[in-house]
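Below are the chains, spelled out letter by letter.
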Amino acid sequence: MKLQSTKGYSIINNWLAAKGHHPFLFQEQTWQEIIDYKSGLVNAPTGCGKTFSVFLGGVINFINQHPDDYKTKTKSGLQLIWITPLRALAKDIGRAMEEVIMELGMNWRVGIRNGDTTISDRQKQKRQMPEVLIITPESLHLLLAQKNYPEVFASLKILAVDEWHELLGSKRGVQVELAISRIIGANKITNQNNINQPISIWGISATIGNLEQAKDVLLASINNNKPKGKIIKAVINKNIKIESIIPDEIEKYPWAGHLGLKLVEKVIPIINNNKTTLIFINTRGMTERWYQAILNVAPELSGAIALHHGSVEQDLRLWVEDNLHTGKLKAVVCTASLDLGVDFRPVDTVIQVGSPKGVARFLQRAGRSGHQPDATSKIYFLPTHSLELVEAAALKDAISQTFIESREPMLLCFDVLIQYLCTIAVSDGFVPSEIFTEIKNTWCFSAITEEEWQQLLFFLTQGGAALQQYDEYKKIEVINGRYHITNRSIAMRHRMHIGTIVSDAMLKVKFLSGGYIGVIEEWFISRLQPGDVFTLAGRNLEYVMIKDMTALVKKSNSKKSIVPSWMGGRMPLSANLGIMLRKTFDKAFEMNSRVLTKKEKLEQPELSVLKPLFDLQESLSHIPKENELLIEHIETKDGFHLFVYPFEGRLVHEAMAAILAHRISLITPITFSFAMNDYGFELLSDQPIPVDDSNVYELFSAENLLADIQRSVNSVEMAKRKFRDIAVIGGLIFQGAPGEYVKTKHLQNSASLLFNVFNEYDSGNILLRQAYQEVLDQQMEEVRLRNMLQRIQNGNIVIKYPGQLTPFCFPLKVDSLRENLSSEKLEDRIKKMQSQLE
Amino acid sequence: MFIIYIQFTFAAMTALIPHKILNNTFLLSAERCIFWEEKKILIVSDLHLGKTGHFRKSGIAIPQAVFKEDMQCFVTQLQTFKPDQLIIIGDMFHSESNKEHDFFLKWRKDFASLPIHLVKGNHDILQERWYSLAEITIHKCELAIDNFIFVHDINDCTITNDCYVFSGHIHPSITVKGLAKQALRFPCFHFSKQHAVLPAFSKFTGTHGIEPKRGDSVYALVKQTIVAL
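Sequence lines, in order, name chains A and B. Here the numbering used here is used: the first residue of the first sequence is 1, the next is one more, and so on. Here the numbering used here is used: the first residue of the second sequence is 1, the next is one more, and so on.
None of these hints come from the bench; they were simulated from the model. Note that the Cβ used here is the ideal one computed from N, Cα and C, for glycine as well.
Facing chain B, a subset of chain A residues (Cβ under 10 Å, in silico):
#1 F459
#2 Y473
#3 R493
#4 H494
#5 L753
With a straight-line cut-off of 25 Å between C-alpha atoms, the simulated SDA-like cross-links for lysine to any residue are:
#6 K223(B) / R721(A)
#7 K223(B) / N756(A)
#8 K203(B) / R724(A)
#9 K720(A) / G209(B)
#10 K474(A) / L126(B)
#11 K223(B) / N714(A)
#12 K547(A) / D156(B)
#13 K223(B) / G764(A)
#14 K106(B) / Q462(A)
#15 K547(A) / D153(B)
#16 K99(B) / E760(A)
Anything over 12 Å on all C-beta distances counts as not near chain A; from chain B, calculated:
#17 A112
#18 R129
#19 Q194
Taking the hints into account, I'd like the entire structure generated from these sequences.
Here it is in structure tokens:
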């Protein structure tokens, strides 16, 4: 059917025209696909009508099917499911859709379903589903846990997944894959007379490196895992202006974390000259410091700047977001907490402090400014040490080449599968052979073996090991070939724990006099003594006591305070940025060898300003070219150092350092300590380290990699950490809210104890094996490690023996010092080191 | 992050260590129990029998082997020491009755002549008649023999003068620190001047780190050996 000749199209087109708008080309293309009952992926940035591309397609289709009564028709049943990763987005999207429906005079209703939806609204939805349901992946699974759920999906036409790039690559993405497989499967039975009008599945994604794969993952269930379906790209050229904030004086010996705050004065004019500025900082702890630092140099901004991160009390966060909308705030210091979500139109400038660690993330943050389709996004890069300026140059090149990271979809997440099987066992039960066919068709579980499947079913019905005496294991029961959970309390506990986001144990922080401030990790509070002062949400607070899982505090006027460091959030440098970084050093090396023209200096401000640093590096040691690996042997009074610079991110470096240490220890008995950052790693020993031209290629060989990983890295300890999430998702641990479910007290359990028990008594357990696999894939980034070794084998290894510390190794050296010293002492000691070297 | 490869070296490694209190000898076993030589009494705490069963009944698939091994170990200790009496300082059973308790009853018949004293712990919530069926003598709060008191939670102890108290409840463990921030945690016996805490007998239990004071004796349980620290 030709789109333009349909009634729906002309109605929508007229409606748009009345408002002075025209459909974008990509929107029309999507509508055409939708009325042909096809599936696909829309690739468009936020803020340019991506919602309407899919939503209006559904409306057009509905009008075409009900040309005479599309306005009056009510209770049409669920037409469109809109999956969104963020609760916060649901309201805005819902409002936009309702506006369209109202203006078209239609009788569709839009419902929102997430953790915030009230019980009465849920009941209403149960009686009569709205035509459009905006839902999170978790709530969608909760729908699957309701009796007779297939009826809900019988009338469904379109299933849209918004921000698919965010979900892909996470266990929530796997949840979406599984939900789609079941909805499609159920619909085949309930909707047999409509085989010509199958459900369309549409993803909406920002640009990522593996868009084609992203589409295939999403559509796997309807395509039987074969690539099919179109990617529709919105050709909207978004201008991005990137500017580095260049320090007045370049330190030839850079070290992380201290330059940034010195540049705070350069931030003030940027805030003043723009409407609203978002200042992105990588860690929650540093946002607290930045907030204070800005107020210290510009007290007049008090009241016009705010703080936003994951540990700030939700009401306060909402207040910040509201004031961003209305443009009342001049600046907000934030973490990744503002990466996603609704658009704040007044924001016209973004400042990124420190490495964004990846191209996609930098682009995403830049895109938070200038949200209108034709506006320019403006982002400043503020380095936290001078070498990071190279990263700025690399980012610029990467963006001009759209060299954006891929999101690797997760494979064989048995914990999510176990949860899912329990979910559908709670509602209508399932027949294993049917479900096996369905999940085999998903991307995540396409490689699952019959044996693994049997093991899973066995785990769920028999509790693992072979049937034993005196066992009363009970979870899923088999009734006439259907697998059911009949026990009410097991079913209830399961419903409460659907989801794949596992949080740390958190305590609420509350004033003695009342009033919540935020939440904080339990382990941080447990290290505090009453009377200690810490900073949260920009306030200095004195710790008083813990009561009822709440940390009670009072206001403090103390000047000195501890800034909490939050676990997690330490992302490694992405592979793409690593590649660009190595290329940029190549360019720096070339530019360093000659006098630069004025034009070049203007085009490459970062690299030309770093010339003194590069000169020093080159004269002491070497600037590695793209195909080179630099190794520096340096002897100091601390001992013998070996510095290696692969530029592959800290996780790969951590693994490589351990492997290298292991391989060297095979040559000679030797003990090491390690340090690593995103650029390289250090081995330190009290004796000379036997790495030279004769053995270095062997030491960096990819042969026996797996065996060497197992021998050198404490994978048991790492797997134990991974196991916690897996055990929670897989239903072995219940993390109830504090004070809740007193009844389950005898079921409480710690992840590390469980891990030990499984390791000892059931080492073949499928969830335990998954923990070890996740360590390899995520913690070690084994694929990336292997690629790195391959690259090193095909390139040159340059070994240098500088007489003193070099600019490259200095940040690493400082990181290793940092471990044992408080920050003031550290600062003094580094200054001394710098003056000795210069 | 710094990681240094180091090896722990311990002064002594054996399976049994004698510990003298008020002229009595207590043999500390690496299998998490104490044998009181003069009285021929075996003392254990926090068995948490039926814990795996309780979890499994609720749909949490803890390997059942944990329970079996705890029971086997328990029997081995009884056969080794051939005690005249058994004292359990609380938390003998983890929760409500399940089939693992039936297994215990069957086992009880094999040791029918052994008197068992249970000082009740917070987990011991079974009905009175169950204990009498199993021929277990219940002590609601504490049990005193000569100058020794047995109580589950030291905070519930009412007798204080000139006595020595044995308790359980907290599942004590000790962190042994090596060079370069390496640290390992082991279950332990903790003896202070007037009070001793036993480790949990069951291997399927979490632990609570203790901070011993000067003059205390701590014995760590490292795999199959017991180590004086």
